[in-house]
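Colleague: So the sequence lines, in the order shown, correspond to chains L and W.
Quick note on numbering: the first sequence equals residues 86 to 275 in my numbering.
Quick note on numbering: the second sequence equals residues 2 to 517 in my numbering.
Keep in mind the hints are simulated off the structure, nothing from the lab.
On a predicted model such as this, the values are computed, not experimentally measured, just so you know.
Heads up, a few of these hints could be off.
[Unchecked claim] Away from chain W, derived, C-beta distances all over 12 angstroms, residues of chain L:
| hint | residue |
| --- | --- |
| 1 | 96 |
| 2 | 102 |
| 3 | 108 |
| 4 | 112 |
| 5 | 150 |
| 6 | 167 |
| 7 | 175 |
| 8 | 182 |
| 9 | 211 |
[Claimed, not checked] Label-pair distances were calculated between CB atoms; the ranges are:
| hint | chain 1 | residue 1 | chain 2 | residue 2 | range |
| --- | --- | --- | --- | --- | --- |
| 10 | L | 123 | W | 216 | 38 to 46 angstroms |
| 11 | L | 119 | W | 507 | 50 to 58 angstroms |
| 12 | L | 100 | W | 412 | 49 to 57 angstroms |
C-beta: ideal position from N, C-alpha, C; glycine also.
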Amino acid sequence: MKEFWQKNSTPAICAKLGVTVVVMFVFAIFIMPPLYDLFCDVTGLNGKTGDAVSIDKANSFGIDTSRTINVQFLATNNENMPWDFRPQVSSVTVHPGEPTVINYVAKNTTVNDMVGQAVPSLVPFKAANYFHKTECFCFNQQPLKAGKTTELGLSFIIDVDIPKYIKTITLSYTLFDITQTTTPKLAAIN
Amino acid sequence: MAHGPAKGFTRWLYTTNHKDIGSMYLWFSFAMFLLGGVFALVIRAELFEPGLQIVEPEFFNQMTTMHGLVMVFGAVMPAFVGLANWMIPMMVGAPDMALPRMNNWSFWILPFAFMMMISTLFMDGGGPNFGWTFYAPLSTTYAPPSVTFFIFAVHIMGASSIMGAINIIATIFNMRAPGMTLMKMPLFVWTWLITAYLLIAVMPVLAGVVTMMLMDIHFGTSFFDAAGGGDPVLFQHVFWFFGHPEVYIMILPAFGIVSAIIPTFARKPLFGYSSMVYATASIAFLSFIVWAHHMFTVGMPIAGELFFMYATMLIAVPTGVKVFNWVTTMFRGSMTFETPMLFSIAFVILFTIGGFSGLMLAIAPADFQYHDTYFVVAHFHYVLVPGAIFSITAGVYYWLPKWCGNMYNETMGKTQFWLAFIGLNVTFFPMHFVGLAGMQRRVPDYNQFFADFNMISSCGAFLFGAAQIMLLYNVIATIRGGKKATAEVWDNPEGLEWTVPSPAPYHTFTTPPEVK
C-alpha cells in the first residue's frame with residue numbers, strides 16, 4: 086500500500102536538500118566574505134586602498150605634471166580610543182606619479198602600554214584603485230608605550246591613469262584600540 | 002488502523018500526526034502573536050505622547066527588537082508551517098507528512114528556542130536591543146552579554162524551519178495521490194513548495210551570519226570588525242541576502258491561502274491558475290537579487306543602486322499579475338462576504354497599498370529620504386499585517402469548521418474583521434505621514450510636531466490588539482461547541498480537504514483518493 090504513493094525515494098530527497106543546506110551554510114561563512122572583499126578590491130568600494138606597492142613599480146609610472154590633485158588627510162579615533170591622533174599636514178597638492186611622503190602623529194595619552202591599528206578609507210571610491218601606497222603605518226599594528234609619541238609615515242603615489250575628473254582625494258584613517266585582542270598574542274611572543 | 006489519538010499530555014509530546022502537530026504550531030504561533038503584540042503595545046504606549054513616560058530607552062530598544070523577532074520567527078512563520086501541516090497532506094490526498102517523526106522534532110524545539118530568547122529579557126544587561134535586523138557592530142561589539150543566547154535561539158529556530166521545509170518538500174513530491182499532477186495542486190501547496198525552497202536556501206545563510214557574529218564575539222575573528230580587517234557592511238549584505246527571501250517566505254503562503262478562499266466565495270474557479278504558479282516562482286527568483294535595496298544609503302556605486310532599484314521594481318510585475326488575477330476571479334462572481342472572504346478582500350486591497358509604498362521605497366534617490374523613517378515601518382506593516390496576519394486569520398476561519406467540526410460565530414467573526422481592519426489602518430496609515438515628515442524609527446521619543454499622528458496610531462494599536470482577543474474567544478468557543486459543520490462547509494468549495502467529514506478524522510486518506 087505504501088509504495089502506492091512513493092514516487093521518489095524520500096531519503097534521496099532529504100539527502101539532496103540536506104546537502105543544499107550545508108552548502109548554503111558554508112557559502113555564507115566561507116565564500117561570501119572573501120567574495121565581498123574581492124568585489125570591494127575590484128570596484129574600490131568602501132575605499133579600501135589595497136596592499137603595499139613596491140617603490141620600483143611606483144617609480145615606473147612617470148610624472149604627469151600637466152595636472153594636480155589635492156589629497157586631504159583625516160584622522161578619526163574609534164570609540165574609546167584615547168590616543169592623540171592627527172596628520173601633520175591637513176592636505177598636500179601633488180602631480181599624478183609624484184612620490185609623496187607625509188606623516189601622522191600619534192600620542193598614547195594613557196598610563197598603559199597600548200596597541201593601535203589604523204584602518205584606511207578613501208573617497209571617491211573610484212580613486213581607490215589609483216592610489217598606491219609604497220609604505221603605510223596602516224599595514225602594521227602600532228604598539229605604543231604609555232605617554233610616548235610616535236610619527237607614523239605614509240608614502241604614496243597616485244597612478245597617472247587616474248580619471249581626469251578626480252581633482253580631490255580624501256584619505257581617512259580610523260584608529261582602533263586593539264590592545265585587548267593583541268596582548269595575549271604579544272605575551273606569547275615575548 | 003483506525004484508532005484515535007492517545008490520551009493525556011504525552012499525546013502531544015510524542016505525536017507524529019500532522020493534524021496534532023499542525024494544531025500545536027498554530028497554538029504556539031498564536032501565543033507568540035499575543036506576546037509580540039504585548040511588546041508592540043509597550044512601544045505604542047511609550048509613543049502615545051512625546052517625551053519619555055513609561056519605559057527606559059534601553060528597554061524600549063529591547064521591545065522593538067523582540068517585537069520584530071517574535072512576530073517574524075515566532076508568530077508568522079510557525080503559523081504558516083502549522084497551516085501547511087494541517088492542510089498540505091489533506092490537499093494532496095496523503096495520509097500524513099512524509100517525515101512524521103522529524104515533524105514532531107521540528108515543532109518541539111521551537112518552544113525551547115523562544116524560551117531561551119525571551120529569558121534574555123531578564124538577564125543582566127537585558128535582552129537583544131539592536132533591532133530585529135541585528136546589524137553588526139551593534140549586535141557584536143556593543144551587544145549585551147545575552148546576545149549569545151539570542152544567537153543559539155536563532156540557530157534552533159533555523160533548524161526547525163529547515164526541517165519543516167524538508168518535510169514539506171518531501172511530502173509534496175512523494176505523497177501526492179495518484180492523478181494529482183503538479184499543475185493540479187492547489188495554490189496553497191504550490192506556494193508552500195516554493196516557500197520551502199526559499200527556506201532551504203536562506204535559513205542556512207541566517208545560521209551562517211549569526212555564527213560569524215558568535216565567532217567575532219567569542220573567538221577573536223573579525224568578520225564584521227573593521228579594526229581586524231573586517232567590514233560591518235558585509236554583515237548587512239549577508240543578512241539581507243537572507244532577509245529579502247525571508248520577507249517572501251512570510252508572504253508567499255499567504256498568496257496561496259487567499260487563492261483558495263477567493264474562488265470559494267466568488268463561486269468561480271481561480272482566474273489564471275498557471276500564471277499564479279509562474280508569478281510565485283518569479284517572485285521567489287527575484288527575491289535573491291534585490292537584497293541591497295535595504296541598504297541604499299550604505300554607500301554603493303551608482304551602477305549597484307540602479308541595478309537593485311530596477312530589479313526591485315521588476316517584482317511589481319509578477320505581484321501585479323497576482324493581484325489582477327484575484328480581482329478578475331471576483332469579477333462577475335456571485336460573491337458573499339463571510340469572514341474569510343472579508344479578510345481576503347482586505348488582504349488584496351491593503352497588500353496592494355503596501356506594495357505601492359514598497360515601490361516608492363525602491364526608488365533609490367527617494368529612499369535616502371525615507372530610509373529608517375516611519376514610512377518604512379508603515380510599508381512593511383502594511384504588507385505583513387494585512388498580508389501575513391490577515392491571510393492566516395482568513396485561513397483559520399476558512400478551515401476551522403473542517404478542523405473542529407463546528408461553525409464559528411459569523412457575527413463575531415465579522416465584528417472582529419471590522420475592528421481589526423479599522424485598527425490596522427488607524428495604526429499604520431498615519432505612520433506614512435510622520436515618516437515622510439522625517440520621524441525616525443526605533444527611537445522612544447519624538448518631536449512635538451508628530452504628536453497627534455502618534456496618538457492616533459497608538460489608539461489604533463490597542464483597538465487592533467483587542468480584535469485579536471476576540472479571535473481567540475471565537476476560536477475557543479467554536480472548538481467547544483456550535484452549529485455542526487457539513488463536510489463541504491462552504492458552497493461547493495474546491496479541494497480534497499472538503500471530501501473528508503468535518504471534523505476531519507484523526508487519520509485521513511489512508512487509502513488514496515482518486516484525483517480526476
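Colleague: None of the hints should be skipped; say for each whether it holds.
Modeller: Hint by hint, here is what the structure shows:
A beta-carbon of chain W is positioned within 12 angstroms of the beta-carbon of residue 96 (chain L); the least distance is around 9 angstroms. Chain W draws residue 102 (chain L) into its interface by the beta-carbon criterion, the shortest separation being 5 angstroms against a cut-off of 12 angstroms. Once the 12 angstroms rule is applied to beta carbons, residue 108 (chain L) is inconsistent with being away from chain W; the minimum gap is 8 angstroms. With a least beta-carbon separation of about 7 angstroms from chain W, residue 112 (chain L) fails to lie farther than 12 angstroms from that chain, contradicting its non-interface assignment.
Every beta carbon of chain W lies more than 12 angstroms from that of residue 150 (chain L), the smallest distance being close to 31 angstroms; the non-interface claim holds. Non-interface status of residue 167 (chain L) relative to chain W is upheld: no Cβ of that chain comes within 12 angstroms, the nearest being about 15 angstroms off. A cut-off of 12 angstroms between C-beta atoms confirms that residue 175 (chain L) is not in contact with chain W; the least separation is 23 angstroms. With a closest Cβ-Cβ approach of about 26 angstroms to chain W, residue 182 (chain L) is found to remain outside the 12 angstroms limit, as its non-interface label requires.
Look at residue 211 (chain L): its CB is around 8 angstroms from the nearest CB on chain W, not clear of 12 angstroms, so calling it non-interface is violated. Taken as a hint, the range 38 to 46 angstroms is violated for the pair residue 123 (chain L) and residue 216 (chain W), whose Cβ atoms sit roughly 21 angstroms apart. For residue 119 (chain L) paired with residue 507 (chain W), a C-beta distance near 52 angstroms keeps the hint of 50 to 58 angstroms intact. Between residue 100 (chain L) and residue 412 (chain W) the Cβ separation comes to about 52 angstroms, which falls inside the hinted range of 49 to 57 angstroms.
This entry does not satisfy hints 1, 2, 3, 4, 9, 10, going by the numbered hints stated previously.
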